[in-house]
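Asker: Sequence:
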Amino acid sequence: MDKRRENGGIVSKAISFLLNRITLIVLAVTLVLFVGGKFEVASATQPNAELEIQKLTSCYALGTDAIGRGNLQEGKNIYRDCFTQDSVLTAIFPDGATQTNYGTDSWADFVYSVFQGNGYTATQHLMGTINISVENNKATMTSYLHATHKRSETSIDVANGTYEDKVVKTNGIWKIRNRTLKLIDFLNLSSPTTASSSTNARSANSSATFVRPNIPRIKE
Numbered sequence: 001m002d003k004r005r006e007n008g009g010i011v012s013k014a015i016s017f018l019l020n021r022i023t024l025i026v027l028a029v030t031l032v033l034f035v036g037g038k039f040e041v042a043s044a045t046q047p048n049a050e051l052e053i054q055k056l057t058s059c060y061a062l063g064t065d066a067i068g069r070g071n072l073q074e075g076k077n078i079y080r081d082c083f084t085q086d087s088v089l090t091a092i093f094p095d096g097a098t099q100t101n102y103g104t105d106s107w108a109d110f111v112y113s114v115f116q117g118n119g120y121t122a123t124q125h126l127m128g129t130i131n132i133s134v135e136n137n138k139a140t141m142t143s144y145l146h147a148t149h150k151r152s153e154t155s156i157d158v159a160n161g162t163y164e165d166k167v168v169k170t171n172g173i174w175k176i177r178n179r180t181l182k183l184i185d186f187l188n189l190s191s192p193t194t195a196s197s198s199t200n201a202r203s204a205n206s207s208a209t210f211v212r213p214n215i216p217r218i219k220e
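The numbers in the UniProt record's numbering rise by one with no breaks, and the one at position 89 of the sequence shown is 89.
Treat the hints with care, as some may be off.
Between beta-carbon pairs, the in silico distance windows are [to be verified]: (1) 155 <-> 48: 41 to 47 Å; (2) 118 <-> 173: 32 to 38 Å; (3) 136 <-> 69: 23 to 29 Å; (4) 62 <-> 152: 21 to 27 Å; (5) 73 <-> 144: 36 to 42 Å.
Since the hints were made in silico from the structure, they are not lab data. No experiment lies behind these values; they were computed from the predicted model shown. Idealized CB from N, CA, C, for every residue including glycine.
Assemble the whole structure, with the sequences as input and the hints as a guide.
Answerer: Below is the structure:
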């Protein structure tokens, strides 16, 4: 009888030991899968966020070039996809002059007035050297600007600068809340006249002159 009890105790201990080991193994596997899954989600989410944020630079360029074609309403509609409703947009010109507008419609009106006031018939905004830093539902972004503004068949204004953005994610969508444009130059490039070309055949094919765009003041 005692022998059977002793054997039974040994079996119980063995079963208990095995169950404990199995439980530990299951917990370890679960932890590895959970942590690994989190890293996979994080690594997958970060590039997706950066791609979505990067698209905002193209969004703005397309809206601005729509205004450059004279289509103010199309530009406003596109801007609303790029910016939050409470967005603040500022431009700092090479001579130190600044312009700040609150909301995209106000900014679109300002851009339209500048383009029309300077007689631009078309524009093309190229964005590049984009740098993005994401932290949870907020991000910062900088991007370089090279913009061409067509005055005539022989004259264009060229602007270069840097956009500095603060971006937020609301309702699952990334949008720009604050944008500051810091221009480093604004030059007029003109082809030489026919007479000038024949006289100076070996000279440069164009001339560059700093211009300050006509910037009307708009009431906020």
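Asker: Can you list which hints this structure breaks, lowest number first?
Answerer: Going through the list in order, the structure violates hints 3, 5 and respects the others.
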